[in-house]
Amino acid sequence: MNIVLYNDTRNVDNNPGCKATINGLINLLNLSYPNSDIECMPYGIFSSYFTHISSYRPKGGLAKIKSLFFRQFFSLEEEELDFYFYRNFLKKVKKLIEIQEFKTAMFDKELVVINMEGTVHHNTLQGITLIGIAYAAHLSGKKVFLLNGSIQKMSKQLLKNTFNRIDYIAVREIISHTYLNELNIKNNLALDCAFLSKITENQSNIFTSKGKRCLYTTGVILAYSQQHNIENPIEIIENHVSSLKNKGYEVFFLKIEENESLLEPALQALDVSIIDMNDYDWNMIGSILAEFELIVSGRYHIIIFCIMMNIPFIPIESNTWKIEGLFKTLNKDIEIQKLTNSLDDIMPYQFLFTDLPKEIQKLPYCNIPNN
Numbered sequence: 001m002n003i004v005l006y007n008d009t010r011n012v013d014n015n016p017g018c019k020a021t022i023n024g025l026i027n028l029l030n031l032s033y034p035n036s037d038i039e040c041m042p043y044g045i046f047s048s049y050f051t052h053i054s055s056y057r058p059k060g061g062l063a064k065i066k067s068l069f070f071r072q073f074f075s076l077e078e079e080e081l082d083f084y085f086y087r088n089f090l091k092k093v094k095k096l097i098e099i100q101e102f103k104t105a106m107f108d109k110e111l112v113v114i115n116m117e118g119t120v121h122h123n124t125l126q127g128i129t130l131i132g133i134a135y136a137a138h139l140s141g142k143k144v145f146l147l148n149g150s151i152q153k154m155s156k157q158l159l160k161n162t163f164n165r166i167d168y169i170a171v172r173e174i175i176s177h178t179y180l181n182e183l184n185i186k187n188n189l190a191l192d193c194a195f196l197s198k199i200t201e202n203q204s205n206i207f208t209s210k211g212k213r214c215l216y217t218t219g220v221i222l223a224y225s226q227q228h229n230i231e232n233p234i235e236i237i238e239n240h241v242s243s244l245k246n247k248g249y250e251v252f253f254l255k256i257e258e259n260e261s262l263l264e265p266a267l268q269a270l271d272v273s274i275i276d277m278n279d280y281d282w283n284m285i286g287s288i289l290a291e292f293e294l295i296v297s298g299r300y301h302i303i304i305f306c307i308m309m310n311i312p313f314i315p316i317e318s319n320t321w322k323i324e325g326l327f328k329t330l331n332k333d334i335e336i337q338k339l340t341n342s343l344d345d346i347m348p349y350q351f352l353f354t355d356l357p358k359e360i361q362k363l364p365y366c367n368i369p370n371n
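So for the sequence shown, full-length UniProt numbering puts the first residue at 1; every next one is plus one.
It is worth saying that the hints were derived from the structure and are not from the lab.
Fair warning: there could be bad hints in the mix.
Calculated lysine-lysine pairs in the DSS-like style (CA-CA distance at most 27 Å, straight line) [unchecked claim]:
(1) K212 to K245
(2) K332 to K198
(3) K358 to K332
(4) K338 to K247
(5) K103 to K160
(6) K156 to K142
(7) K153 to K94
(8) K143 to K153
(9) K109 to K92
(10) K247 to K332
Computed beta-carbon distance windows for the label pairs [unchecked claim]:
(11) L139 to I334: 37 to 47 Å
(12) T208 to N2: 45 to 55 Å
(13) Q203 to F107: 38 to 48 Å
(14) F207 to E110: 40 to 50 Å
(15) L139 to K332: 38 to 48 Å
(16) N229 to D279: 27 to 37 Å
Glycine included, each C-beta is placed from N, C-alpha and C at the ideal position.
Build out the structure end to end from the sequences listed, making use of the hints.
Below, the structure written as structure tokens:
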């Protein structure tokens, strides 16, 4: 089978979560469709065709009448991100279908797979782009799978009018599953494809001696603090590091994204050593984590790796409900710490994925329909 996979996130920094996800998804596709030819399209492709899509505003005449009519059903914000937003979205999709690059990518493909990992939320450009690619592929007569996603606060009309035409949809946690069910969108509950990757293929051997060590990695909220309206990221880091040191831990920071270089001066001033993922192969992440007695993280995939490795962890908030959804899917009552919370009295959580019920362990395979 000829397959094209969109949103290959392996080109996004040296992020082990992205690489594990795509590796697991490709493994699953090969398992489900043996001897297939899989062409991978990178993160960000075709996004230029969907820029400024939500900038339309009613100007008068018929548009004003439509605005007044639709206000009966939507708030102004929802109206702009539904009726007008969707109309402009369709124009962009029709333009994409006519692009030669898109035609070439679709030409001999029997299956179009969209990796929704970390993108389809809050009407982000990349989320809209992936939906646009999926819908354009559908209009081109292709079988389309939308997989491995968390869906949060997207235009409802956009979701209803596109997702209901997709051949198979799988979301990676139960909150997104419920969200789509409430919109009467058929979807399947799965778990992240990262669970299907091997993350201990190489040994790291960072330390030659034992010690009480904590690995700290905040995640995208502090890495992009201005975008998330965080006014005091350094103070938050200082409070976390102080709490961990008071517990007797030697604290290390796992740098995954280049943007986290902005945090390095503050971390170094706190005597926190930096472990840069650029210095290691991505599939060493399991053995790196195994050298720590505690992981404190707002990174969804790092939490997944802890669960795969049975490593104690304390979760801190992220930019979407994906971590909360993960725990609910695993039937675990786990409190996610607010960034401003002290970690002084917080006890870590610890459990092993392969100790969970078999029906839960099978969920990563639900990213592909049963043939």
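Does K198 lie within 27 Å of K332 when you go C-alpha to C-alpha?
Distance ~24 Å between K332 and K198 Cα, so the pair holds.
Is K156 within 27 Å of K142, Cα to Cα?
Status holds; Cα separation ~24 Å.
Taking the CB of T208 and the CB of N2, does the distance hold inside 45 to 55 Å?
Taking Cβ atoms as reference, T208 and N2 lie about 49 Å apart, which means the hint holds.
K338 paired with K247 [C-alpha distance capped at 27 Å]
holds (19 Å)
Restraint status (C-alpha distance of K247 to K332 at most 27 Å)
Distance ~25 Å between K247 and K332 Cα, so the pair holds.
Taking 27 Å as the top limit, are the C-alpha atoms of K358 and K332 close enough?
holds (15 Å)
Is the Cα-Cα distance between K143 and K153 27 Å or less?
holds (26 Å)
Would you say the C-beta atoms of Q203 and F107 sit inside 38 to 48 Å of each other?
Since Q203 and F107 have Cβ atoms about 44 Å apart, the given range 38 to 48 Å holds.
Given the proposed pairing of K109 with K92, does the C-alpha separation stay at or below 27 Å?
At roughly 22 Å apart (the allowed maximum being 27 Å), K92 and K109 satisfy the hint.
May I ask you to test the hint 38 to 48 Å on the CB atoms belonging to L139 and K332?
holds (41 Å)
If I claimed the Cβ atoms of N229 and D279 lie 27 to 37 Å apart, would that claim hold in this structure?
holds (32 Å)
Can you confirm whether the C-alpha distance between K103 and K160 stays at or below 27 Å?
The hint holds at about 25 Å.
When each numbered hint is compared with the structure, no violation occurs for any of them.
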